[in-house]
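Heads up: the protein sequence lines correspond to chains V and E, in order.
Residues in the first sequence are numbered consecutively from 1, following this note's numbering.
Residues in the second sequence are numbered consecutively from 1, following this note's numbering.
Note that these hints are calculated values from the structure, not bench results.
Where hints are given, some of them may not hold.
With a cut-off of at most 25 Å between alpha-carbon atoms, the simulated DMTMM-like pairs for lysine to aspartate or glutamate come out as follows [as the list claims (entries may be wrong)]:
hint : chain 1 : residue 1 : chain 2 : residue 2
1    : V       : K346      : V       : E299
2    : V       : K346      : E       : E114
3    : V       : K346      : E       : E50
Per the computed footprint, the stretches of chain V lying under chain E, defined by three or more beta-carbons under 8 Å from a beta-carbon of chain E, are [unchecked claim]:
hint : region
4    : 41 to 51
5    : 64 to 77
Please read these numbers as outputs of a predicted model, since none were measured by experiment.
Note that beta-carbon positions come from the ideal geometry of N, C-alpha and C, so glycine has one too.
Here are the chains, one letter per residue:
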Amino acid sequence: MRVEGRVEWESPAADVDADVLVIGGGAAGATAALAALEEGARVVVVRRSLGATALTSGAFELAPDPLASPRSPLGEGRSLQACVRELAALHPDHPYGVLAGELPSLAHAIELWERQVEGVEFASMEGANLVVATSLGTLKAAGGGLTSVLRGNLSGATEAVGVVGFENHLAYDAALWARNLTDASRRAGLLGAFVPVACDLLDDVEGPNLRPWEVAARIQADPAAFAQEVRRVAAGRVRQFLFPPVLEDGVADALRDALGAPCAEAAAVGQSVPGLRLQRALDRALALAGARLLFGTIERAPGWRPGAGDGPVELRLTGGRGRQVGVAATTVVLATGKYLAGGLMKNGCLFEPLLGLPIHTPAPRQRCRGSQPQTSSDWRGEQPIFRAGVRADRRMQPVDEGGAPVDPSLFVCGDIVAGHDPARDGAAMGTALLTGYVAGLRAATSARERGWGG
Amino acid sequence: MGRVAGNLYLAYRALVVWPLKSLLPRGGVSRFWENYATEGLIPTSPEDREVLAAASRCISCGLCDAFDGSLGRLGPGYEGVSLLPRQVARSSADLPLAAPLLRRLDPASYREAESVCPTGVPLVRIAHWLRDRAERVEAAREA
Chain V
1 MRVEGRVEWE SPAADVDADV LVIGGGAAGA TAALAALEEG ARVVVVRRSL
51 GATALTSGAF ELAPDPLASP RSPLGEGRSL QACVRELAAL HPDHPYGVLA
101 GELPSLAHAI ELWERQVEGV EFASMEGANL VVATSLGTLK AAGGGLTSVL
151 RGNLSGATEA VGVVGFENHL AYDAALWARN LTDASRRAGL LGAFVPVACD
201 LLDDVEGPNL RPWEVAARIQ ADPAAFAQEV RRVAAGRVRQ FLFPPVLEDG
251 VADALRDALG APCAEAAAVG QSVPGLRLQR ALDRALALAG ARLLFGTIER
301 APGWRPGAGD GPVELRLTGG RGRQVGVAAT TVVLATGKYL AGGLMKNGCL
351 FEPLLGLPIH TPAPRQRCRG SQPQTSSDWR GEQPIFRAGV RADRRMQPVD
401 EGGAPVDPSL FVCGDIVAGH DPARDGAAMG TALLTGYVAG LRAATSARER
451 GWGG
Chain E
1 MGRVAGNLYL AYRALVVWPL KSLLPRGGVS RFWENYATEG LIPTSPEDRE
51 VLAAASRCIS CGLCDAFDGS LGRLGPGYEG VSLLPRQVAR SSADLPLAAP
101 LLRRLDPASY REAESVCPTG VPLVRIAHWL RDRAERVEAA REA
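Chain E with its partners taken away, still in its complex shape (with noise of 0.2 Å):
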């Protein structure tokens, strides 16, 4: 019974409602869009999800902020290059308040730490991915 229930079901949600969802007006991203890009929440594409897969290798070592040269030279707030895959778990709403610290940032000064990484943390493209998201949602906000 609960088999010939759950196969109803199914055909109802691929005859009716499925054919009548791809005619009614769409909603889905640009709903998303529309609803939370003022809140500073937008949508996380393949690549966001690629990038923060890889910052949560991060261990918290430590061994990439011994070779980061901007150590010192960023001043107070910026605790090495090891903050930026900690900083990835922030929400995005609160990233435009690390926009001023990440605009200083040179992405490619972190090659050296990069390469002393245990678990392999892309740092590079992390400091390239959070400049670029803070952008975008800087730029959602003030759409």
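Next up, chain V with everything else stripped away, as it sits in the complex (with noise of 0.2 Å):
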């Protein structure tokens, strides 16, 4: 079976239960879910909006060299199973320190995401980061990504790339962004070489300004005479190309057999499209593997709280029009995210706003004293602010102060896991996938040993 295009999130119209419960739909909530599919878990997964994996660049950080930077993305050239070693060493706190003995579901993982999702791929756990372009102009290093950004792996590329921008446009810029890649890459002890190819495209008037997606559409009617064009302007100087982040779905494919040549696009930087195509990729492998899908705004059923007994956890799912029902699961992993998805806040103290779980953060006492002291001026030190978040155990269960389980039937994953920085730490998509996997799998294992449905 296969799911084309865009999924529907249902807005359910009668009481809702399952064995496990996953909120937010992001990557750590769909990996959770697709773990605790393949143990045979009824699976529902609710979202009320995108977050950020609807905003990723295409590239996954998984976990970077330590001696990387800007600069040198390749660092020393460890592996990657060697670069999660060293971050998992350097911060205790942080969930691959957290679930230092469990590194290895991280492959696990990414096995599950390279049988499910589509169109995405990783570099080996035991070779080095890939090097991408951004379209800035800049590197960066991945442990993975979209397959049509991953094939723009710079780490071993010898021959020209042209890389193609549109005349009339102010962000795709051909010109400067060769020339800054061609820094870039010198800086970092590449060889690549890059040729501008400017394509005249999109029309005066409205061209400058189009956002991303408007101009994935207007490649999207027509990839053919895009194609064309690409070819006529660079006239045979290259044999590779580099899109900016603009590609729609299957567009990449189309492009290099109109062309008869490798095509890949740049890693994007802010509004994202292939960000969107990720998040569609996961909705589908999502309802391919069978999890009920549910569109709504979650919150606690009245007379429930975290730790109030061993019965099923209940709440109450707003759907679309504003429609009310329950929704009763035996297990429930919270992949909220954090302050972009609104999966913790702050209003003067920092707190979760679903269930009301305990906050860590590195500077615990000074959590309710307004926004300063939990940001650093020094803009090279760590901001506790992006530390903090729920504590989980080994199981991927939130504790409390003390350390136990607050409840046993709640799990965490993803941004909301306390103790990583997904901008300082550069591992945000490995940190989604490994908790999210031990999340999922702890939590449809804790459903089956209670009685499945509860």
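Could you use the hints to bring the two separately framed chains together as a complex?
Here it is in structure tokens:
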């Protein structure tokens, strides 16, 4: 069975029950749901909106080399496995550190994605990070990504690459992009050379400010005509192409076929067509695997609170038209993200708005005294606010300040987990995969032990 | 001493100023309308404040723009539905400048864009509110 295009998220009319309820449908939530489905659980995924996954660049950060920097993205060229261990040793509170005994699960999560999520690939854990170009002309280390992005791996590139831009667009300037990439590659010790290929695709009036999705829609409308224009401008100077991150599903392949040359796309910065494609691929994977996908806002049912007892977790879902239904689940995986998606909030104090779980921050005594103490004026220093979150044990169960699980039915994964700073550690996708896989597996096992369906 | 002076002042406000104010012609909102409406500055109602607070949740991630059916259809000047929460921040005196564009919006078409907003900005309500406020400002100026 194949699910084409966009998957519809249902707004339920009647009460729902599940073995495993996953709250949040981004990378971590999807991984947890897929892992639980493999264990045979009846899985329901609830999503209120899109989140950080839909804004990802298309290149996945698993673990950067400790000596890597934007100028030298390869660092010492250590293996991904070694980089993961290094990060775990450096930050014992990081999910990699908490799950130090479970690190092989990261490889299992990667296998799960490679099997079930269309259009993604990963580097070998025994090999080094790959290096891909961003649409700004900088370089980025990646442990995996969308296939179309990873095809642009520059770590072994020797031939000249044609970088495609648009004459009438302010953001996709081929000459500037090629110059930046040439400089960045030279500094990083890479051999790549970049030739600008400025196409005349967009008109003068609306072209300059078109959003990435609009450029993507224009290319998707007629990839053959676009390929013809690229061929005309390139005039045989290059035998491989790098496109801006404005290619819709299947367009990179269509361009490759039409041009008869390898075609890759850059990693996005900010608004992201690849991010939306990844989110759609995850939605399709969940639908194909048999998860029930619900749209709406979830809240605690009156009378239920974490640690209330051994019964099912009772929640309430408000769907699309304000219709409310009850949701009962044997176990719940919280994958609600951090500040962007609203998994964590700050209103004087940091708090977890859905279940009121205890928040852990590296600056705990100051957490209720305004925003200043949670941040540091030293931009190179640690920022406690980004490492804040719900602390979890080795089973990915939220724990209180004494380290005891808050509720045997609850599990957490992804950005909401304390101890990792996605920007500083450069391991956001790796954390989502590892914690999602462990949380999904444990939640399904726990639900089975307690009798499916509560 | 300071406390006594404070209490005396409060007593003066309560016993003299306040009764006098209730007897004299009323100011407040009506005076505001009188003085500022012609400039396009109209009072902010509790509902306006609710919309302003909701619009301030926008973090400019741009996800909603990817689901905006009217992007491209409305032409130059319209940068996508994320424009609306930012438009709220404009002075109401400038709002009539955007009125022609606001009239062409179809708020119902923003339901999908609203459903993907990570911070839950009510885009449909904001679109209705902006049109309504632009009309209120224009009406106030004409009156």
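To see whether the hints hold, each was checked on the structure:
1. For a cut-off of 25 Å, the pair hint linking V:K346 to V:E299 stands: about 18 Å separates their Cα positions.
2. For the hint pairing V:K346 with E:E114, the CA-to-CA distance comes to about 23 Å; that is within 25 Å, so the pair holds.
3. A threshold of 25 Å between alpha carbons decides the hint, and for V:K346 with E:E50 the separation of about 20 Å falls inside it, so the pair holds.
4. For the region 41 to 51 of chain V, the stated coverage by chain E holds: 4 residues have a C-beta nearer than 8 Å to a C-beta of that chain, and at least 3 were required.
5. Interface restraint, the region 64 to 77 of chain V with chain E: violated (0 residues with C-beta to C-beta distance below 8 Å; minimum three).
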